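Use the sequences and the hints to build the structure in full.
Protein chains: 2
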Amino acid sequence: MSAYVIAIDGGGTSCRAALADRHGRVVGRGKRGSANIFTTSDAIGKNIVAAAGEALKDAGLDVARLSEIPAFLGLAGINVGERQQELAKALPFADTRFVHDGLIALQGALGDEDGVMAILGTGSVYVSRSNGALRNVGGWGFAIGDQASGAVIGRTLLQQTLLAHDGIREHTPLSRAVMARFDDDPEAMVEFAQQSARPADYGALAPLIFEHDGKGDLIARDILLDAVRDITMALDTVVFKGCDRLCLLGGLAQEYARRLAPRHRAILKEPQGDALSGAVQLALRAFAHEMAGEERR
Amino acid sequence: MSAYVIAIDGGGTSCRAALADRHGRVVGRGKRGSANIFTTSDAIGKNIVAAAGEALKDAGLDVARLSEIPAFLGLAGINVGERQQELAKALPFADTRFVHDGLIALQGALGDEDGVMAILGTGSVYVSRSNGALRNVGGWGFAIGDQASGAVIGRTLLQQTLLAHDGIREHTPLSRAVMARFDDDPEAMVEFAQQSARPADYGALAPLIFEHDGKGDLIARDILLDAVRDITMALDTVVFKGCDRLCLLGGLAQEYARRLAPRHRAILKEPQGDALSGAVQLALRAFAHEMAGEERR
Numbered sequence: 001m002s003a004y005v006i007a008i009d010g011g012g013t014s015c016r017a018a019l020a021d022r023h024g025r026v027v028g029r030g031k032r033g034s035a036n037i038f039t040t041s042d043a044i045g046k047n048i049v050a051a052a053g054e055a056l057k058d059a060g061l062d063v064a065r066l067s068e069i070p071a072f073l074g075l076a077g078i079n080v081g082e083r084q085q086e087l088a089k090a091l092p093f094a095d096t097r098f099v100h101d102g103l104i105a106l107q108g109a110l111g112d113e114d115g116v117m118a119i120l121g122t123g124s125v126y127v128s129r130s131n132g133a134l135r136n137v138g139g140w141g142f143a144i145g146d147q148a149s150g151a152v153i154g155r156t157l158l159q160q161t162l163l164a165h166d167g168i169r170e171h172t173p174l175s176r177a178v179m180a181r182f183d184d185d186p187e188a189m190v191e192f193a194q195q196s197a198r199p200a201d202y203g204a205l206a207p208l209i210f211e212h213d214g215k216g217d218l219i220a221r222d223i224l225l226d227a228v229r230d231i232t233m234a235l236d237t238v239v240f241k242g243c244d245r246l247c248l249l250g251g252l253a254q255e256y257a258r259r260l261a262p263r264h265r266a267i268l269k270e271p272q273g274d275a276l277s278g279a280v281q282l283a284l285r286a287f288a289h290e291m292a293g294e295e296r297r
Numbered sequence: 001m002s003a004y005v006i007a008i009d010g011g012g013t014s015c016r017a018a019l020a021d022r023h024g025r026v027v028g029r030g031k032r033g034s035a036n037i038f039t040t041s042d043a044i045g046k047n048i049v050a051a052a053g054e055a056l057k058d059a060g061l062d063v064a065r066l067s068e069i070p071a072f073l074g075l076a077g078i079n080v081g082e083r084q085q086e087l088a089k090a091l092p093f094a095d096t097r098f099v100h101d102g103l104i105a106l107q108g109a110l111g112d113e114d115g116v117m118a119i120l121g122t123g124s125v126y127v128s129r130s131n132g133a134l135r136n137v138g139g140w141g142f143a144i145g146d147q148a149s150g151a152v153i154g155r156t157l158l159q160q161t162l163l164a165h166d167g168i169r170e171h172t173p174l175s176r177a178v179m180a181r182f183d184d185d186p187e188a189m190v191e192f193a194q195q196s197a198r199p200a201d202y203g204a205l206a207p208l209i210f211e212h213d214g215k216g217d218l219i220a221r222d223i224l225l226d227a228v229r230d231i232t233m234a235l236d237t238v239v240f241k242g243c244d245r246l247c248l249l250g251g252l253a254q255e256y257a258r259r260l261a262p263r264h265r266a267i268l269k270e271p272q273g274d275a276l277s278g279a280v281q282l283a284l285r286a287f288a289h290e291m292a293g294e295e296r297r
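These protein sequence lines are chains C and W, in that order.
Here the UniProt record's numbering is used: the first residue of the first sequence is 1, the next is one more, and so on.
Here the UniProt record's numbering is used: the first residue of the second sequence is 1, the next is one more, and so on.
Note that these hints are calculated values from the structure, not bench results.
Misleading hints may appear alongside valid ones.
Simulated coverage check for chain W against chain C, where a stretch passes if three residues somewhere in it have a Cβ under 8 Å from a Cβ of chain C [to be verified]:
no., region
1, 152-161
2, 164-173
3, 186-200
4, 226-239
Partial pick of chain W residues on the chain C-facing surface, computed with a CB cut under 8 Å [stated by the list, open to error]:
no., residue
5, Val137
6, Gly138
7, Trp140
8, Gly141
9, Ala143
10, Ile144
11, Gly145
On a predicted model such as this, the values are computed, not experimentally measured, just so you know.
Here a beta-carbon is modelled for each residue, glycine too, at the ideal position from N, C-alpha and C.
Put into structure tokens, the structure is as follows:
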């Protein structure tokens with residue numbers, strides 16, 4: 001029984017927590033680094049607990065009460081099953097439920113309406129809701145998925161820059177800017193990619209691509225034409241007949257929105273709220289019983 | 001001073017060693033797993049020492065004599081500087097010299113002739129020699145290089161298979177065969193890719209692509225058209241004016257040779273020898289002084 005729920009939005013670049021009361025009012029907030037399931041379980045757990053603890057402190061509650069409060073988590077990469085159990089064991093909450101971060105984002109963006117939502121940030125994922133039925137596409141992570149995401153286009157930028165360094169394609173202002181970031185040393189770039197780069201590190205290169213695309217850079221153009229093709233193919237898979245509501249979320253949403261095909265741009269809507277607000281809505285439903293119990297006490 | 005040299009060919013899938021006498025005659029051979037510089041230094045070192053030790057045993061010599069014999073190593077990924085020093089310290093040889101595996105392959109394929117050599121195996125790299133001057137292109141490794149390599153096309157195959165699973169593109173016999181390898185479980189595929197897959201594991205999927213391309217599979221076709229475009233662009237960068245000798249090496253050499261542009265197919269030649277024979281040639285030159293000393297003794 002608890003008077004509160006914890007809601008977590010764990011994406012590729014940050015982990016945000018909200019403490020909400022039984023009316024869905026957010027009474028405390030916290031924020032930490034990435035809670036992507038593919039960073040190590042230890043790091044995820046630490047970031048989640050730290051963000052949740054911060055939300056309790058923000059509300060003037062003792063952090064030790066984490067163990068009395070149920071938590072509802074939307075996490076990037078949660079598609080991949082086994083790690084959920086590992087993680088649930090590592091977390092201190094009274095009860096722990098996981099969903100893919102796409103679902104909390106959908107709830108935040110559309111409320112209970114039908115429509116389509118795409119997250120285009122460090123990763124990429126698409127979710128549709130049609131007559132209440134959900135369909136999930138993408139969200140498979142950086143290694144073999146997440147087309148058009150910041151991490152994937154950042155990696156492509158390094159690939160294209162190495163090709164320019166080798167003389168296989170022409171250098172452009174963008175590829176020269178990337179070389180400069182690595183002191184014009186391709187070995188430093190490869191060392192970064194092979195040894196230390198996480199998706200968010202590649203994703204940090206994405207703004208540079210959009211910036212240079214605006215100036216007609218040919219490497220930026222090629223990368224973004226491919227990325228928009230990938231987004232268009234994914235949207236054509238999830239946008240159902242009669243769908244009149246498409247919300248784009250994530251750090252690259254605005255840049256990609258301007259580049260969408262006309263049929264997709266025509267149904268673009270502002271999201272109702274963010275993913276964390278969606279997690280709060282879902283937390284209240286998931287733990288309605290516990291909250292009602294509290295009410296009766 | 002030593003009567004012998006050790007030559008090592010360390011590629012992405014295996015590490016081969018030869019013990020040669022002062023006349024370049026190979027008197028012992030050994031073979032172990034990958035010596036790619038991007039596997040951990042510990043594993044590389046162990047594989048190199050084990051392969052070299054096997055070559056000594058094969059020649060009827062005591063393995064303890066490793067420390068009396070100089071070694072010449074051609075290693076995949078050796079472009080990347082700092083790790084060479086780490087590795088050199090970890091190895092027991094009397095003297096240790098490293099070059100990129102492209103250079104020993106070039107020497108093996110072309111002897112002292114001018115020409116171009118491409119290794120198309122787990123990784124990909126191109127080397128040209130024109131009037132004795134060397135030029136190296138590619139060979140930057142799996143993370144942001146190695147276009148058209150077995151590892152890269154294997155990874156692309158998993159990406160395309162996930163797109164088919166999501167309904168973003170049509171399934172083909174090839175993508176269904178890949179799904180079957182993972183018990184039709186996309187999460188198992190993602191877990192493989194994110195957690196355990198090394199370049200050689202992705203590369204193990206490459207033969208499946210060529211096999212299905214022969215049957216007109218559309219996913220195989222698209223992957224190989226892109227790969228051949230990448231090879232063609234790289235070859236056009238390194239094939240110099242008047243070049244009449246192009247050797248392809250590596251596990252995918254034969255399959256790609258049939259698919260090359262006519263201008264490149266026209267100058268294809270059989271390699272004179274393999275990379276290990278090139279390493280023996282270069283070892284004799286590098287350690288000529290030590291060997292001559294031995295002769296004088």
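Cross-check of the supplied hints:
1. Here the region 152-161 of chain W counts 3 residues with a CB under 8 Å from a CB of chain C, which clears the bar of 3, and the coverage holds.
2. Beta-carbon proximity to chain C at under 8 Å applies to 4 residues in the region 164-173 of chain W; the threshold of 3 is reached and the given coverage holds.
3. Check on the region 186-200 of chain W: 8 of its residues sit with their Cβ under 8 Å from a Cβ of chain C, so the three-residue criterion for coverage holds.
4. With 3 residues having a Cβ less than 8 Å from any Cβ of chain C, the region 226-239 of chain W passes the three-residue criterion, so the hint holds.
5. At a threshold of 8 Å, the smallest CB-CB gap from Val137(W) to chain C is about 5 Å, leaving the interface hint in force.
6. Taking 8 Å as the C-beta cut-off, the interface hint given for Gly138(W) holds, the closest approach to chain C being about 6 Å.
7. Nearest Cβ of chain C to the Cβ of Trp140(W): about 5 Å, under the 8 Å cut. The hint holds.
8. For Gly141(W), the interface hint holds, the least distance from its beta-carbon to any beta-carbon of chain C being 6 Å, beneath 8 Å.
9. Below 8 Å, beta-carbon pairs count as interface contacts, and Ala143(W) has one with chain C at about 4 Å; its hint therefore holds.
10. Checking Ile144(W) against chain C: minimum C-beta separation of about 4 Å stays under 8 Å; hint holds.
11. Here the hint on Gly145(W) is kept, as its CB sits about 6 Å from the closest CB of chain C, short of 8 Å.
Checked against the numbered hints above, the structure violates none of them.
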